[in-house]
Amino acid sequence: MDTSRNRTCSDGNADDTDSVGLGCALEVFKEYDEIISLISQLKTVHNDQSQSEKVIERFIYILNQYQEQPHLLDRYLDDFLSELLKIARSPDNEKSLQYLAFKFLYIITKVRGYKVVLRHLPHEVSDVEPVLSLLNEQDPHDAATWEARYMLLLWMSIIVMIPFHMNRLDDTSESGSEKKPIMQRIINVIRMYLSVSDKARDAAAFLAAHFITRPDVKDVYLKEYLDWCIKMLVSSDNEISLKAGILSSLALLFKHGKRDDMKSYGAPILRKILECGFKDSSSSVVRKMALKLIQRIGLSFLRMKIASWRYSRGKRSLADNLAYGDVGRQMSTEKESSDDEDYDIPDETEDIIEQLLVGLRDKDTIIRWSAAKGIGRVTGILPKELADDVVTSVLELFSLRESDSAWHGGCLALAELGRRGLIIPQHLDRVVGVVLKALIYDEQRGNFSVGAHIRDAACYVCWSFARAYDPTVLQPYVNSIAGALLVTTVFDREITCRRAASAAFQENVGRQGTFPHGIEILTETDYYAVGSRHNSFLNLSVHIAQFSEYTLPLINHLLEHKVNHWDSAVRELTSKALHNLTTLAPEFMAKTAIPELLTKAVGIDLNARHGSIFSIGEIVHALSNQKNNKEKIEDILGAENIENIRSLIFVLDQRGLFRGLGGILMRNAVCLLIEKSSMAALPFHKDEKLIEKWQEMLDSCLQHADASVRSSAVSALPHFLNQYYPSDSPQCSALLKRYLEHLSSNHMETRCGFALAVGAFPKFMLNGSVAHTIQSLSKCAELTEEFSSWAEVRRDAIKALSQIAVTVGIISAGNENDSICQSNLDALFNSFLAGTNDYTLDSRGEIGAIVREAAMVAIQETIQLVMKTEPQMLSENLVSDIFSVILQQCTEKIDRTRSVAGGVFESLLMSNPRVPHIPYHNELIEIFSSEICDEINWASPGDTFHLFVKILTFPCYRRSLLLGFVVSVGGLTESLVKYSSSALVSYFLANQSNTELMKAIADDLLSILKENCQNDRIVIPFFKMMNYLLLSDIVFLSGGEQTDFYNELVNLTWSCSYKSRDPQKIIAAVDLFCNLLQVSKQCQTQSLNRLVIFLCHRFPRIRKVTANKLYEAFITYDVLEDEEVMDEITNLLCETDWNESLDLLRPIRNNLCEKLGLEPPKLKTK
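Take the sequence shown: its letters are residues 1 to 1166, numbered as in our numbering.
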């Protein structure tokens, strides 16, 4: 077979294709040779499931790349199909091989489409009997081979189109006299496969439509087949799959059959279908197929002639449209043929249209879509008067009484009618009105809303109108459609709707050429730009609003529909968008928007109150930013608005709106209003009552249980204090004193809120009390047994300490009460370093991680602050300690913590100016060069551990790093254990000859275990890590030193585990003792002495695990030289039921000790 055509084409474009990538850049099918090779491999791999799966996966992968451009396969289809059909139709091949060939055929059909593949399948007379025989051999209920049945039925559907009478194909010989006629056999196959539930049912319906409509078959079997279909449909005993298959078959019969042949059967079939009530079926497939059948019957009643009255646009040139050259035309009504009125419309047509209108209200989208297409097809061949009635009926779906399904179905129907030119310009006024309503449809239901599908369909309507109508026809509606589409493009909550609106706007700009500033807007609001809701609301909206035609529509939409949106995130984005748009319409905002929002702010709708207060704050702030120095904010807003803003908090408090379910939202909103009013310097400086009320609100919010409320209050507090508290007022020191007292509160939320609040204080509030404030926050950040679970308090206190350093500044020779001097800096770093050692556990997990992360970030920020002014304040010991704890965090088990630690490590290591006194600074930079740091993912163990393990060479970091590695290597996460253990083992193996280094590491490991003997966070992972190292043949020392090391390890392991009640710890210790049996004789004896004690542990689980582990160890290691004794011991370990009572087990255990040459353990007298 010649494959040079493929190579020639692909070689010329290989570079271009590779440089662009896959997707729409593909220009040629390049894998011809590989596909042929995969097909040829089927004969060798069909009996090997693993190999066949690999071949199938590769075949699917290659063809799936061409889903977007399947036409590239066309020139090779004959070759592929020929090779596969040779395999599939050969009777000598095994069934499994044939099924694989059919599976490949289906994959090709799925990618290229069955209609195209059909044309390439052989369809000779000689193919009828073999394919029919193959079909009869299939098991209709075998789920593994449905592709074979599907392809055979499709193949048969093209074979039955041969132009010979089917009777000629019957076997007339004596041997064939017992066979049924070919026609009857095919009919039987169709009936059988219409009842299956897989895709073969669709192929059977397709085959029925092609076969039964043959001239020689319809005369004999059409009526009989239709009677059978009706009988099966009417029977209530039949399965849903059979009904769906029959309905699909009937629909295709009416589609492909001649109108004259099918018209007479339409009325009785329609009557039966309506009597069966399929529109109420629970199966969406049955409802869809019934609706398809109904519309096809309706088309058979009417003459297949396109209505002469429909709107015809004429030219389709985009260039002409943009140049205003496309003057569309509507077919002159004077030239309308009177043929439309020359025939009677059957009465059943009304029932059909009614069913289609009901289908538009269906709960399933596929049925509404099918009904919409049916409406379009039927209306296209109706007389003008009846078509107008259909359009009117569709428009009636857009009623407040109708469901969201009806609105969606109505939009789809309008789009279908519009793109077919069936909505004449006289109806556009009403149609555009309902489409504009649909573009903003959003109905709240509980904590979600419905309407996204309606807005998306409304965009489709606008898209279809752009293609259907001339610019002159749509000219009166251009501004309203453009404004509505742009509103949806930038302000819709759903990304699908924003992109659909963008596409519709783009289509209108291109086709109509009349949308104001279309090109300028399109360059910014493309498919990717509108993908981000944040970008759409805050950036694209400003770009669009700069054009005066769209400024007020955008603002009004936000005020009317988004300020009271059900999603709080959208309401907050709306307020920020109004802030950005204020500069484009300041007078409108001040005189119209603010009064309207103030009214909503005291209304009964919680969402409207929340959104309105947010928006008021943002608009007031924006107005203050853009005023000139001579203007006053009170003059811009007006006295009435100022008074209403002032009274807002009193009205809300009086009505009790800060309590209950909506209290959180209202507190957040009012805190933002206080913040923005303070930033805008609203004239309330002498209003003591209001300032006191605002202060009271902020204080109560700082103690609130919800973290978002506390955060809002902390954000508002510094602006409020800066604006309304005089710097020399005694109120400042009193307020600071009161806030510091709250740091010792018995409520966690109170401590959190006031700690962050103190950290947010402006500098004048802290003057004279910096040392006392640091002392109070440091005490709050201490880990105490009583409040150990309050990790959030310690985190927030550390954040506050860091923020205070930023606020008051670093001055080495400064006063400790006015700045961060050396003593204050030492206190800060002491608190930060203590925070990095917070490993608190509670029911939520390791909550100390948030404290450690906050402490590391605080260290980074404070060092960067010191480096700007007073780098000499950083001592050598301090920097060494800081880097040690950060490196430990870089190698611990939590990904998020490692990510934070890695970022801090990189920042300090690469700091400019250079951080002084970093031990082995140059060596660290060699390991972590700037190129490596740019590429590295600090949270990924695969990226980091093989680098950090190199730092074990440096003594000052070794112990901290080992602590981190202990926790990671002994962790639970598979990927973490894999990368950390492989890095550590590789490093140890590479340094086995460095006895000094290995001895230092061994000493550090023993020291770590000794100091953390009661710390399960370290002990259990330590045991697991030592097991990894022993199994990896790591040798730390040699000679007597090795014996001493392992003896010490055995003793420490025993002291850590023998009194424990934690099974996991004991099991880890048992593992380690068993692995230590491979070491020296002395270590073996000590380990066995401990293990036999565990054989009679009070927990049966421990006894069983110890016996199993001992058995494995005796088999693996040469513990005893006498094989007979070894067999006896292993038999005892295996055959003993270690769940028995200890009184029965102790003699067995003692017998084991005697065989091992050990002294049996003795019970301690109590």
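Check the hints yourself; a few may be wrong.
[What the hints assert, rightly or not] When the alpha-carbon atoms are kept at most 20 Å apart in a straight line, the in silico DMTMM-like pairs for lysine to aspartate or glutamate are as follows: (1) 437 <-> 348; (2) 779 <-> 741; (3) 43 <-> 92; (4) 86 <-> 129; (5) 1109 <-> 1140; (6) 632 <-> 699; (7) 384 <-> 429; (8) 591 <-> 653; (9) 363 <-> 404; (10) 1104 <-> 1044; (11) 199 <-> 129.
I should point out that these hints are in silico values taken from the structure, not numbers from a laboratory.
Now the hints, each set against the structure:
For the hint pairing residue 437 with residue 348, the CA-to-CA distance comes to about 33 Å; that exceeds 20 Å, so the pair is violated. A distance of roughly 12 Å separates the Cα atoms of residue 779 and residue 741; the hinted pair therefore holds under the 20 Å criterion. Distance restraint check for residue 43 and residue 92: the Cα-Cα separation of roughly 12 Å lies within the 20 Å cut-off, and the hinted pair is therefore satisfied. Restraint check for residue 86 and residue 129: satisfied, since their Cα atoms lie roughly 16 Å apart, inside the 20 Å limit.
About 18 Å separates the Cα atoms of residue 1109 and residue 1140, which keeps this hinted pair within 20 Å; it holds. Between residue 632 and residue 699, the direct Cα distance comes to roughly 30 Å. Violation of the 20 Å bound is thereby established for this hinted pair. Restraint check: the Cα-Cα separation between residue 384 and residue 429 comes to about 18 Å, which is no more than 20 Å; the hinted pair holds. In summary, the hint linking residue 591 to residue 653 is not supported, as the alpha carbons are separated by about 26 Å, beyond the 20 Å threshold.
As the CA atoms of residue 363 and residue 404 are separated by approximately 9 Å, the hinted pair is consistent with the 20 Å bound. The hinted pair formed by residue 1104 and residue 1044 fails the criterion: a straight-line CA distance of about 30 Å is larger than 20 Å. Proposed proximity of residue 199 and residue 129 is contradicted: the alpha carbons are some 23 Å apart, above 20 Å.
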